[in-house]
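Engineer: Listed here are the chains, written in short residue letters.
2 protein chains.
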Amino acid sequence: MSDSSLKNKIEFILVEPSHPGNIGATARAIKNMGFQNLTLINPKDFPSDESFYRAKGAKDILQNVKIFQDLSSSLQNATLIFGTSARTRTIPWPTKNSSELSEILKKGLENINVKICFVFGREISGLSNEELQMCDYHIKIPTDEDFSSLNLSHAVQIISYVLKMEIDNIDSIPEIIDETPTFKDNEYLIEHFDKVMKKIDFYDQENPKQVKTRVRRLIKRLQPDKLETGILRGFLSKIEQILNKKN
Amino acid sequence: MSDSSLKNKIEFILVEPSHPGNIGATARAIKNMGFQNLTLINPKDFPSDESFYRAKGAKDILQNVKIFQDLSSSLQNATLIFGTSARTRTIPWPTKNSSELSEILKKGLENINVKICFVFGREISGLSNEELQMCDYHIKIPTDEDFSSLNLSHAVQIISYVLKMEIDNIDSIPEIIDETPTFKDNEYLIEHFDKVMKKIDFYDQENPKQVKTRVRRLIKRLQPDKLETGILRGFLSKIEQILNKKN
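Those protein sequences? They're chains A and B, same order as listed.
Here the numbering used here is used: position 144 in the first sequence is 143, and no number is missing along the way.
Here the numbering used here is used: position 111 in the second sequence is 110, and no number is missing along the way.
Quick caveat, the hints were computed from the structure, so don't treat them as lab data.
Any given hint could be a false lead.
In this list, chains with the same sequence are indistinguishable; a pair is considered to hold if it fits within one copy or across any two.
In the DSS-like style, the derived pairs of lysine-lysine whose C-alpha atoms are separated by at most 25 angstroms in a straight line are [said to hold, decoys possible]: (1) 55 / 43; (2) 58 / 211; (3) 139 / 237; (4) 43 / 95; (5) 194 / 106; (6) 55 / 139; (7) 219 / 237; (8) 65 / 198; (9) 225 / 244; (10) 237 / 114; (11) 114 / 58; (12) 194 / 105; (13) 198 / 114; (14) 237 / 95; (15) 244 / 139; (16) 194 / 139; (17) 114 / 197.
For reference, chain A alone in the conformation it holds in the complex (with noise of 0.2 angstroms):
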């Protein structure tokens, strides 16, 4: 497989981005380093002026630009997700350094049918908590301890020149029908979980949200593939039946 498939199979999504200069910038980052997809969800300011002025020679990336109303409608069949986080959180999540991406990657770049997605939060707040528990592992760049705050299209340029450093160095992939299951069918079974969980009545009545955010991050770390997914859904629905005919 060529360097630009394989790169082809990156997405860029920055969350909500206010300031139209971040835009433009990201879009030249990624071209820089040979990528090509871009996905916005709700931005301030698209299209304007300004973010195809920054774009200068990726003026290209912008107009195939995608854009989403939230970042769960822009994942659905993403197989591989990556957020970007400075902060440290209540429910850790597995989290990588910038350095350390180069196994996962390659892992995740086995199958012919990937979507790997590389998610950027808000230049001033970041990713909600909802939105760093759709990812599969949180990733952190190295900075300052006490100069931490990364301008956006910095952060990207970064995580994009790491990537490429990585896939450069992979020298070949075989090409494996694809059993990766997306992002939708991890949350189909996530759902399923809670489901059942709430029909026998395992949630702790206090706490019920914390309970389904360790499930979340239990089926996000497993990554389980597509048969594994069957097996676990069908154990679900199996106990589901037997419920039913109790009652």
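Given chain A, work out where chain B should sit, using these hints.
Structural biologist: Using the frame of chain A, we list chain B on its own:
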């Protein structure tokens, strides 16, 4: 030696930046990675509101910026100089990929009195041949071949990120008393060679500049220590004495 004192040995130099926004974004980019030394050569518009606005929390870097009228003046006490360059030049220079900095950097940081400079060229035209020949090494940031022109502050962000990763990986550095000659010492040596070569009519009459550039490249690649510089200059002086006696 602590991380921050290693980082303090690094200087970022922007040659004739035209956009004040790039100056501010550069200040933020280097501070994000724990660096603080910024030098501007003949900036078109500085200080300016735009540069301070774009610097965000890195206004202190701009307040302490050093300004020179030409690159050579700013390099006088430098012991190791890297110039960024996207283009291939007539006379090939020792060139490193941004991911291959590790070893040179480690060696360069060994001494107490080192000053390592990273020189970035103009937004449109980069560094001139003369400026590039002041550098010990050229650095190439790998980019897509079809779209290689990085935004200035984004190029600085990539280099400062790579430097941070390298420096964070250095466990401990022996503090050797410095015997590294500075840019100034090397320039004296190059000029000395030039003077003697002229005296002995060594130069190709049709292309004297070409020869001098090759001598310059040789000295840059050699990186003689102070003792070796002394030997070479002593040798040149001896030749001069003999020539003077003969006339």
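Engineer: Run every hint past the structure and note whether it holds.
Structural biologist: Tested hints:
1. 55 / 43: Both ways: residue 55 and residue 43 sit 21 angstroms apart in one copy and 21 angstroms across, limit 25 angstroms.
2. 58 / 211: For residue 58 and residue 211, the Cα distance exceeds 25 angstroms both inside one copy (42 angstroms) and across copies (44 angstroms).
3. 139 / 237: neither (40 angstroms within a copy, 59 angstroms between copies)
4. 43 / 95: neither (30 angstroms within a copy, 41 angstroms between copies)
5. 194 / 106: neither (31 angstroms within a copy, 60 angstroms between copies)
6. 55 / 139: Cα proximity of residue 55 and residue 139: across copies only (21 angstroms, versus 28 angstroms in one copy).
7. 219 / 237: So residue 219 and residue 237 pass the 25 angstroms test inside one copy only (23 angstroms; across, 74 angstroms).
8. 65 / 198: neither (39 angstroms within a copy, 68 angstroms between copies)
9. 225 / 244: neither (28 angstroms within a copy, 90 angstroms between copies)
10. 237 / 114: neither (31 angstroms within a copy, 69 angstroms between copies)
11. 114 / 58: within (23 angstroms within a copy, 40 angstroms between copies)
12. 194 / 105: Result: close neither inside a copy nor across copies, 34 angstroms intra and 57 angstroms inter.
13. 198 / 114: Answer is neither; intra-copy 34 angstroms and inter-copy 67 angstroms both fail.
14. 237 / 95: Neither, since 36 angstroms and 61 angstroms both go past 25 angstroms.
15. 244 / 139: neither (48 angstroms within a copy, 69 angstroms between copies)
16. 194 / 139: Neither: 33 angstroms inside a copy, 55 angstroms across copies.
17. 114 / 197: neither (32 angstroms within a copy, 64 angstroms between copies)
Consistency with the previously given hints fails for numbers 2, 3, 4, 5, 8, 9, 10, 12, 13, 14, 15, 16, 17, ordered from lowest to highest.
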